[in-house]
Amino acid sequence: MNAVELRNVTKRFGRVTAVDDLSLDVPQGSVYGFIGPNGSGKTTTLRMIMNIYYPDSGSIRVFGDELHGACTDRIGYMPEERGLYKRMKVRDVLRFYGELKNGKDVGKEVDRWLERLDLSDWASRKVETLSKGMAQKVQFIATVVARPELAILDEPFTGLDPVNTDALREAVLELGAGGTTVIFSTHDMNVAEKMCDFIFMIFKGRKVLDGTLAAIQDQYGSDTIRIRTEDGGAALHGLDGVEKIADFGQVQELRVAPGRDPQEILSAIVSRTRVRSFELARPSLHDIFVRIAGPEAREVTDA
Amino acid sequence: MRKVLRVAEREYLATVRTKGFILGLVLAPVLFGGSALAMLLFRNQVDTRDKVIAVIDRSGLVSEAVIAAAESRNSAVVYDTLTGEKIRAPYVIELVPPDNVDPDRQRLELSNRVRSGELHAFVEIGAGVLHPREDTAVSHIKYYANSAALDDLRGWIERPINGDLRKLRLAEAGVDPTMAEDMFDWVGATPMGLVRVDPETGMIAEAGRSTEAQAIVAPLVMPMLMFLLIMLGAVPLLNAVMEEKSQRIAEVVLGSVTPFEFMLGKVVGGVGVSLTAATVYVVGGVFAIRHMGWAEYIPYHVLPWFFAYTLLAIVMLGATYAAFGSVCNDPSEAQSMMLPGMLPVMIPMFVLVPVLREPTSAFATGLSFVPFFTPMLMLIRQTVQESIPVWQPWLGMAGMILCAGFCVWAGGRVFRVAVLMQGTPPKLANIVRWALRG
Chain A
1 MNAVELRNVT
11 KRFGRVTAVD
21 DLSLDVPQGS
31 VYGFIGPNGS
41 GKTTTLRMIM
51 NIYYPDSGSI
61 RVFGDELHGA
71 CTDRIGYMPE
81 ERGLYKRMKV
91 RDVLRFYGEL
101 KNGKDVGKEV
111 DRWLERLDLS
121 DWASRKVETL
131 SKGMAQKVQF
141 IATVVARPEL
151 AILDEPFTGL
161 DPVNTDALRE
171 AVLELGAGGT
181 TVIFSTHDMN
191 VAEKMCDFIF
201 MIFKGRKVLD
211 GTLAAIQDQY
221 GSDTIRIRTE
231 DGGAALHGLD
241 GVEKIADFGQ
251 VQELRVAPGR
261 DPQEILSAIV
271 SRTRVRSFEL
281 ARPSLHDIFV
291 RIAGPEAREV
301 TDA
Chain B
304 MRKVLRVAER
314 EYLATVRTKG
324 FILGLVLAPV
334 LFGGSALAML
344 LFRNQVDTRD
354 KVIAVIDRSG
364 LVSEAVIAAA
374 ESRNSAVVYD
384 TLTGEKIRAP
394 YVIELVPPDN
404 VDPDRQRLEL
414 SNRVRSGELH
424 AFVEIGAGVL
434 HPREDTAVSH
444 IKYYANSAAL
454 DDLRGWIERP
464 INGDLRKLRL
474 AEAGVDPTMA
484 EDMFDWVGAT
494 PMGLVRVDPE
504 TGMIAEAGRS
514 TEAQAIVAPL
524 VMPMLMFLLI
534 MLGAVPLLNA
544 VMEEKSQRIA
554 EVVLGSVTPF
564 EFMLGKVVGG
574 VGVSLTAATV
584 YVVGGVFAIR
594 HMGWAEYIPY
604 HVLPWFFAYT
614 LLAIVMLGAT
624 YAAFGSVCND
634 PSEAQSMMLP
644 GMLPVMIPMF
654 VLVPVLREPT
664 SAFATGLSFV
674 PFFTPMLMLI
684 RQTVQESIPV
694 WQPWLGMAGM
704 ILCAGFCVWA
714 GGRVFRVAVL
724 MQGTPPKLAN
734 IVRWALRG
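Protein sequence lines, in the order shown, are assigned to chains A and B. Under our numbering, the residue at position 252 of the first sequence is numbered 252, and the numbers go up by one with no gaps. Under our numbering, the residue at position 212 of the second sequence is numbered 515, and the numbers go up by one with no gaps.
No lab work stands behind these hints: they were computed from the structure. No experiment lies behind these values; they were computed from the predicted model shown. Do not rely on the hints blindly, as some may be mistaken.
[Unchecked claim] Derived pair list, reagent style BS3-like, types lysine-lysine, alpha-carbon separation capped at 30 Å:
#, chain 1, residue 1, chain 2, residue 2
1, B, LYS322, A, LYS126
2, A, LYS89, B, LYS322
3, B, LYS470, B, LYS354
4, A, LYS89, A, LYS132
5, A, LYS207, A, LYS244
6, B, LYS389, B, LYS354
7, A, LYS86, B, LYS322
8, B, LYS322, B, LYS354
9, A, LYS108, A, LYS132
10, A, LYS194, A, LYS126
11, A, LYS86, B, LYS470
12, A, LYS86, A, LYS104
13, A, LYS89, A, LYS104
14, A, LYS108, A, LYS126
15, A, LYS132, B, LYS322
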């Protein structure tokens, strides 16, 4: 069964089409990653699933029901920017959000999550005294405290330090393991690759990728050479059969042109410098993202 | 409904727990009471220095009477008869011969003496003042002073002049003024209330004397209190919603409640805040007034109306302000929306006096049926005039209920569109379009 089903959903703001004829199935119990450049329509899609925005056309079903009021109690929503009453105490604001969702045993859940995310000492403090990372964790608790069956997290890891990122990532995975369907948007492709069962990419309001990471990578084949050499990127310029070089300093990624043999390219490199490591790989999600939404792709699309 | 009440509870507690609310609750009556007390304390604080008035009597008939009247007054009221303390300013009359060659220059010189403080005022009595119908151009009494229109002395000086002129006219008519002193007696009309049947004895009870307190103070206190309650309960919703929008709280809350529920909850919270303050003020006020022995001035019959009007006013205005707040992005925009938002409250304040004077006029009656104005104006009419037609308050109430329903409905539609719209400056045209089209 699908937790969320979008069918031919379109949303316009004036003359701008934010989401264009989008169809999407989010299986129940999955962790689904939404990726896409800024302004591509991720947040608008999430807000429509939350019933905050109404689509201009198409339909949205959550747990099999058309979106009308009460089913939003089964959804927890964490917006991109924090939305907490600054003058309220942490425990009070969490109880308020939990009770708005008609949550049960909200008080116990609040205490459990505060303990779980190491915030118990801050329970009686006002929200305005929290650091950004703490406020983000509190916002996450507000999202899950009513035990939602579907959690929608809009860029939950943005701006967090590695320790808090790990804590929140574990909490999200714990939710998924407990049967909660999780949809989150992110700009961190590593996070999406490692955490998501399914990845959906939206670009200029239209769906451009949807599936498991393996299935998405299969669409592109093993067209990437990941290499480390003694002379770094300087030794790789002007190689025949290479479409693009991504230089990460210690490692370089070479995109092989269609129909060219990676072995020939390797031979050419060996003739120029010593090769320390060589791997023929499928493109990373980052690379796929850039291929779709990078400057070159934009030029093609805009032309 | 449960969610509405939860939003309302948060809104209510967030307001009544603030120091500002508690201080305001205490300070408002202290300030009101303090100003009344100050008026009482300082009412005898008058300037007792001599007030010199120059008199140019072109008629040559009445200057002596003015001097005699001033001396008579000074001996009667300037000094306290028991303590001998000087409690009022003596009036000193300075006779100035008329300059018939250059009267304008004479007026200028006297005006300059007033400006320098040497004179309090000067009076010019026209040559034809005895028979004003013969030549109106010279039958004037002109009073020149810095604040002539508001000067009590202007009213005083009319009496001896006109009194003496009447005597002279009687004498011309061959009547001895000393034989017709009743001609100068003046009997005022005592303001009385209406006679009614005493509900306890069944007898016709004597009408009570109507006082200025009954006529003006009591009808004004409740609209003023209502204004204060609107400021406490409804107006803050504009800033509260603007803050919730700018701090992205609205987006989180709208993930749990509909825009209509959210706004209704906030309005109900505002109603709770206002009714809390109203209860404190009304109960405290009634207790204090009874304790002071002025219970007869309390218009008990309109108190239930007062609470009902206040409740509906907060719903109407609260929904409007919440909708206005949802279109604002920052405090400066909220400030600019405050003016049109305050008009429904300010307009009744501007017309308080004419409505107070003529509560059954077409003007007062018509305005009191405009739902936004009904709370204050109908209340004043009910307080001043106990016998306005019974159907009028009920019709006004029905109009308010319909208007309150419309405000919440339309406000919810504006709120839904605007609350997530960042960066769009507020425009009344947009608000109207969103209210009608959603």
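These are the hints, each one checked on the structure:
| no. | hint | in the structure |
| --- | --- | --- |
| 1 | LYS322/B <-> LYS126/A | holds, 16 Å |
| 2 | LYS89/A <-> LYS322/B | holds, 16 Å |
| 3 | LYS470/B <-> LYS354/B | holds, 27 Å |
| 4 | LYS89/A <-> LYS132/A | holds, 16 Å |
| 5 | LYS207/A <-> LYS244/A | holds, 25 Å |
| 6 | LYS389/B <-> LYS354/B | holds, 14 Å |
| 7 | LYS86/A <-> LYS322/B | holds, 16 Å |
| 8 | LYS322/B <-> LYS354/B | violated, 50 Å |
| 9 | LYS108/A <-> LYS132/A | holds, 25 Å |
| 10 | LYS194/A <-> LYS126/A | violated, 35 Å |
| 11 | LYS86/A <-> LYS470/B | violated, 81 Å |
| 12 | LYS86/A <-> LYS104/A | holds, 25 Å |
| 13 | LYS89/A <-> LYS104/A | holds, 20 Å |
| 14 | LYS108/A <-> LYS126/A | holds, 20 Å |
| 15 | LYS132/A <-> LYS322/B | holds, 27 Å |
In terms of the numbered hints stated before, the structure departs from hints 8, 10 and 11, listed from lowest to highest.
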